[in-house]
Each structure stands twice: as structure tokens, then as C-alpha cells.
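Starting from the known structure of chain A, fit chain B onto it as the hints suggest.
Protein sequence lines correspond, in order, to chains A and B. Using my numbering, you'd call the opening residue of the first sequence number 1 and step up by one each time. Using my numbering, you'd call the opening residue of the second sequence number 1 and step up by one each time.
Partial list, computed: chain A residues near chain B (C-beta under 7 Å):
no., residue
1, 31
2, 42
3, 43
4, 48
5, 50
6, 100
7, 101
8, 104
9, 105
10, 106
Worth flagging that the hints you see were computed from the coordinates, not collected in a lab. This one's a predicted model, so the numbers in the text were calculated from it and none came from an experiment. By construction, the Cβ of each residue, glycine as well, lies at the ideal position given by its N, Cα and C atoms.
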Amino acid sequence: DVKVTQSSRYLVKRTGEKVFLECVQDMDHENMFWYRQDPGLGLRLIYFSYDVKMKEKGDIPEGYSVSREKKERFSLILESASTNQTSMYLCASRSGQGGEKLFFGSGTQLSVL
Amino acid sequence: SQQGEEDPQALSIQEGENATMNCSYKTSINNLQWYRQNSGRGLVHLILIRSNEREKHSGRLRVTLDTSKKSSSLLITASRAADTASYFCATDAGWGRNDMRFGAGTRLTVKP
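The following block holds chain A by itself, in its conformation from the complex (with noise of 0.2 Å):
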């Protein structure tokens, strides 16, 4: 089965920050995204990579940034985290070969204090 691991389950920062959410599948996928997930809002998608070094905004870019060097590992920048940062974040992966569903991580609980 594909494994898609987020490295925390549970992160605590400080207001301002720089916070990592790092990201790795086992499956070779080229697709890879990050949403955020608030209660009655469902999740949002924040930034999504079709290949290494390739990213593209999804519809809440702001204050996240992406990097994504290897194809294996996609990791959500926090710049300087603040309180409306706090949220579930939840990975995803799918192969570009035609794969068509997504794969989750568990997901990182982040409170910005």
C-alpha cells in the first residue's frame, strides 16, 4: 500500500515562527498537495507540485511557501506562522500516470500560540 507519512501529529510554535511540515510518499508519485482543513470549511487546497521542482498555487497560497526537491518529499513553509495559521494540514500524493485518487497522510494539528 502507498504510505504517505507527515512527519508530526501534533506541532505547538510561537507567532512568527518559520515552521516546516515535511511530507514523504514511498510510491514514486509525481503529485503532491497540501491542504488545510477547518471545521465547516472543508479542506483547501494550498499549494500542489506536479514534479521536483515544480509547484503551483492552489487557493490559499498566502503565507505558506512550498519546496519540493526530491520527488519523494513536499514540505509546507510557514514564513512567520500566526494564529489564523492554526489548522489540521493534511499531505496528499497520486501517481501522474494516470493515477486518479489521492493518498493521505494522517495529517499535522498545528497550533500557532
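Then chain B, alone, in the frame of chain A:
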């Protein structure tokens, strides 16, 4: 922007009853997918229906798609307490696009 919108937001039923959830979307799609999320965890893929299909079955799941109305429904038959979860529809942005959008989800509670 949100692509899909699920209806209802929350649904509570008794074990053995059927549960129906609806999803509406805004743009042309290649396929529509349904996912399940147990509390506070990642999402798990349930079923995919392509834009040229009208109905699809998988076990106790039945999905319909009406592209003229830009809507889909997920039916879970003979529900069980273990079906308690949040259910989301997701759509891609059309042919050649890699990004996928989700709705806000339906919270299903199945009472024993």
C-alpha cells in the same frame, strides 16, 4: 475556491437505515470522487465516478453523477455504527489538470 458543496452538513440515522449525501460542483470535471474521514485523521478514497458514467456501485456504496446538474450523490445502504465519519466529494479541475478540490463534507452519525 471550493469546488464541491455537500448537503446535508450533518446527518444522523439509525443502524440499518440508508444514508444519502449530495454534492454539487461548479465547473466541468473529468471525474468525481468520494472520500471518508474518521475523526481527526487523513482521508481515505471510497469510490470514483467518471464524467461519462451515471452510476457506480462498490459494496454498500452507490454513487450517481448528473453532469447536466453538476451534482452527485453517495448512498450508503444498511448503515453500520462503523460508518460514522465525515464524507467528502472531490473533483479535479478537468482534463490535463492535476489539482483537486474538496467540499466542506457531510458529518454522518450512525446510532447503534
